[in-house]
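**Q** Residues per chain, in single letters:
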Amino acid sequence: MLSKVSKLSDASKQITETAKRIYSDIKKGKKAEVESPIRSLSNVTYNEKQGFFSLKGNMKKRTLSANTVKTFAQTLRLMTLSKALIESNDIATKREAYYVSKNWDAARFKEQPESDSVMDDIEAMFQVNREQLGFIADEHGGSVAGELIVIDKDSSTGRDVRIDCTKFGSGSYSIPSDVESLRFETKAEFILAIETNGMFERLNKHMFWKKSKCILVSMGGVPTRACRRFIRRLSDHTNKPVYVFTDGDPYGYLNIYRTLKVGSGNAAHINEFFCVPRARFIGITPKDIESYKLPTHPLEEVDIKRIKDGLKNDPFVKTYKTWQDALDKLLKSKNRAEQQALAKHGLNFVISDYLPEKLKNNKDWLE
Amino acid sequence: MKDSKISSFTDVQEELKESHKAPIAESKYKAHELAKSQREISIAEFFEKNRHLLGFDNKRKALLTTIKEAVDNSLDACEEADILPDINIEIMEMGTDKYRVIVEDNGPGIVREQIPKIFAQLLYGSKFHKLKMQRGQQGIGISAAVMYAQLTTGKPARITSKIHPNEPAHYYELKIDTQKNRPEIINESEKEWSKDHGTRIEMDLEATYFKGRQSVDEYVKQTAIINPHVTVIYQPPKGEQLMLVRASDKKPRLPEEIKPHPYGVELGMLIKMLQATEAKTIKQFLRQDFSRIGDKASEEILENAGLMNNTKPKDMSRDMAEKLIHGIRNTKIMMPPTDCIVPIGAELLEKGLKKEVNAEFYTSISRPPNVYRGNPFLVEAGLAYGGSLPKEGTLDLMRFANRVPLLYQQGGCAFTESVTSTNWKQYGLQQSGKNLPVGPIVLVVHIASVWVPFTSEAKEAIAHYPEIIKEVRLALQEIGRSLSKYIGKKKRVGEEMKKRSYIETYIPHIAEALKELVGFDSKEEEKVRVLLASLLEKKRGALEAMEFDPSKNKEYDEEFAKIGRDDAEQGEQIE
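Chains R and Y, in that order, give the protein sequences.
Here the first sequence is numbered in our numbering, starting from 1 and rising by one per residue.
Here the second sequence is numbered in our numbering, starting from 368 and rising by one per residue.
For the record, the hints were derived by calculation from the structure and aren't laboratory data.
Cβ coordinates follow ideal geometry from the N, Cα and C atoms, glycine included.
Check the hints yourself; a few may be wrong.
[What the hints assert, rightly or not] Ranges between beta-carbon positions, derived for each pair: (1) Y:E871 <-> R:E35: 21 to 31 Å; (2) R:S88 <-> Y:R867: 32 to 42 Å; (3) R:K13 <-> Y:R867: 28 to 38 Å.
Turn these sequences into a full structure, and let the hints guide you.
**A** Rendered as structure tokens:
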């Protein structure tokens, strides 16, 4: 599968083949069909050895009919755009692709979520990554600072460009949407992935990376695919651990940490390449809320729903008793705490006490 | 309800007479003083002060009521004489808020000596308390109109009537002596009249003429809809004469008069009947003067009442009459005959609707007869849906009683309660709470009865008898079911059409995308389109056309439909 990631023209070939199959079905008077895996948590399994959510293989079949004719037309239209992008070595953001569809008269998308969804279907259909189809995310991939040199290429000269991530001052290096060709040089001991930009800035400003010999990555909420792939490649390259520092709430645990570590149900076909099995959780645990006496906010209804849903349906949670206990505890306490809550003990308490203690005491880490 | 009102008027008169009789001595007490200002009031005087009770509350309504009373009489007379009615109605503007109304018929005419009493004495006539399906019920209406005309313009009513081609016509100028409720003959003469027979009445009255809702125009039109055997020639004060020619030469079967059914009789009426009867014994009275009482039933009633069979009706005290009512209530008596009612018939009702509105769907029903308080009645209903009817707004209800349109007091009518208490949502219409449903619908409801219970003498709304409300509701449910079938079918066809247009819209996109991806030429692209079209539409079969076709309804009469609608309403229709 990894070879697929490097051979971009594969997607183009698959598109053409699918189109030919549909064409020949129509010629035979058969109703054409396209198939893609069901994109949901219910269609993934997890085992620790493998390290990521993998597809169970339940497929969604879309047969050309009066009810599906519009989506069918839109899917083929978007495949045409994708093929053109690949062949001209160009890219389009998801937003741009949505705007391109405005040329398609009745087949245009009304809102971007519609085009995003069809795009996800095409990805899943061919089991490729969005970038291989020529589409990229709208938002940037995250920020990096610390003991790392990224080797990129100058797009005009084709020569190597060495980017030293210690030299950005109070700023940072921005992860590009395509990270496949990046190379790395580093002497860091670990990678610290942080949920919020605020916390990243604090650690960067006080050069936490220098003191702890690490690379800081800001995810800014749920990590983008580029960010996930960047961390994965970095961790593969350095063979060093990845620590994830999030809020003490179900969003931080499940949507951010779990997605980074084992992937998601929605884009399960790419999990294999976008998971970071080495990731370990050093964020705020329910136990931390107690022992650090952190200020809290009450769990909202969506939080409670997320916890219950996780306990019931998430194959990752179901594998680890420690996570089930943590979520149970959070549910019972009815409260959550943010990273920034540590500021109660002083603005730099996180640097002076929390992180060093956490990093030393790996017995309390959650899987 | 009607009965009680009438008896209360008579009571007023009688009580006043009593007080008059009492000798007034010296002004010893306050009561003596008050007695000086107490005097007899005639019914005519009473109505003069309470004109709203008879439908003369305002100038606009007065014009309608006057015409309506005259037309009711004309139609009743024609039908009784088995004549296909030709009615002439003319309204002339005589000055500010002054109008002349002329109504002329080809009826049997009225014998000379009866003319003054019929037109200029209240509560005179052949119809009072007669249990027969007809338009007039009391003998108040036309004389009330004459009185109203006289009160507002001071002019007498002019009546011409002829009973046979060989007889001369009689002409009268009549006023009502409102003190005595007696006709006052201003002028009387014999006259040449080219007509074979018929009656013509001419009155000058204070009124205002409007077009649109609740207008004379609308009344005339609805009268034509509900009486397809009638020809009306109508000359409004402005504009062209309208000829509404009969749609059917078939005269409705002549309704039969029936005797009252014991279940419907009240104490006051029973006492009057006991005084008026020719029967020698109470048993004979029961058998002769009521319907559905034979030997056995009369004996059972008297046994249940604890009365002797041979009691003389004249000897019956009030207490005994009350016992008799009790006896009747406790005896099982056969329901009254129902063949005395003549329905319009679902078919004719629908035909009338088709003439008036160009809709896409029509349905109608004539219910079997039923009984309320001993009075047989029958409900008919028709419905027109969609087509050129405006989509906004609530259901348009047209109410009729014994073939007379009811234009006022819709809110207080039992029909309205039946409509609002029916759940129209289950038939595919919108309805919020207990309101009229929303939708492009004209609904016609007709009640035929030997005695239509109105809420007032103005005969504008049907009283809320549970039996009537229920019967109307049953009729509505039946037409509701066929409406819902139609709406359901239309919806299914609409969805199918949408799917087909969907297919047509997106096929070219599939073909074009495949052309680019596979790399074939435009000729092949066209082939793919054709293949896709046949592939996707293959199994969809032929579709019944549900689109509204305005030319499909052959009965529709655009000129006719315009009558009684003001310009604004016509605008809505076009939209």
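**Q** Hint by hint, note whether the structure agrees.
**A** Do the hints match the structure? See the list:
| no. | hint | verdict |
| --- | --- | --- |
| 1 | Y:E871 <-> R:E35: 21 to 31 Å | holds, 26 Å |
| 2 | R:S88 <-> Y:R867: 32 to 42 Å | holds, 38 Å |
| 3 | R:K13 <-> Y:R867: 28 to 38 Å | holds, 36 Å |
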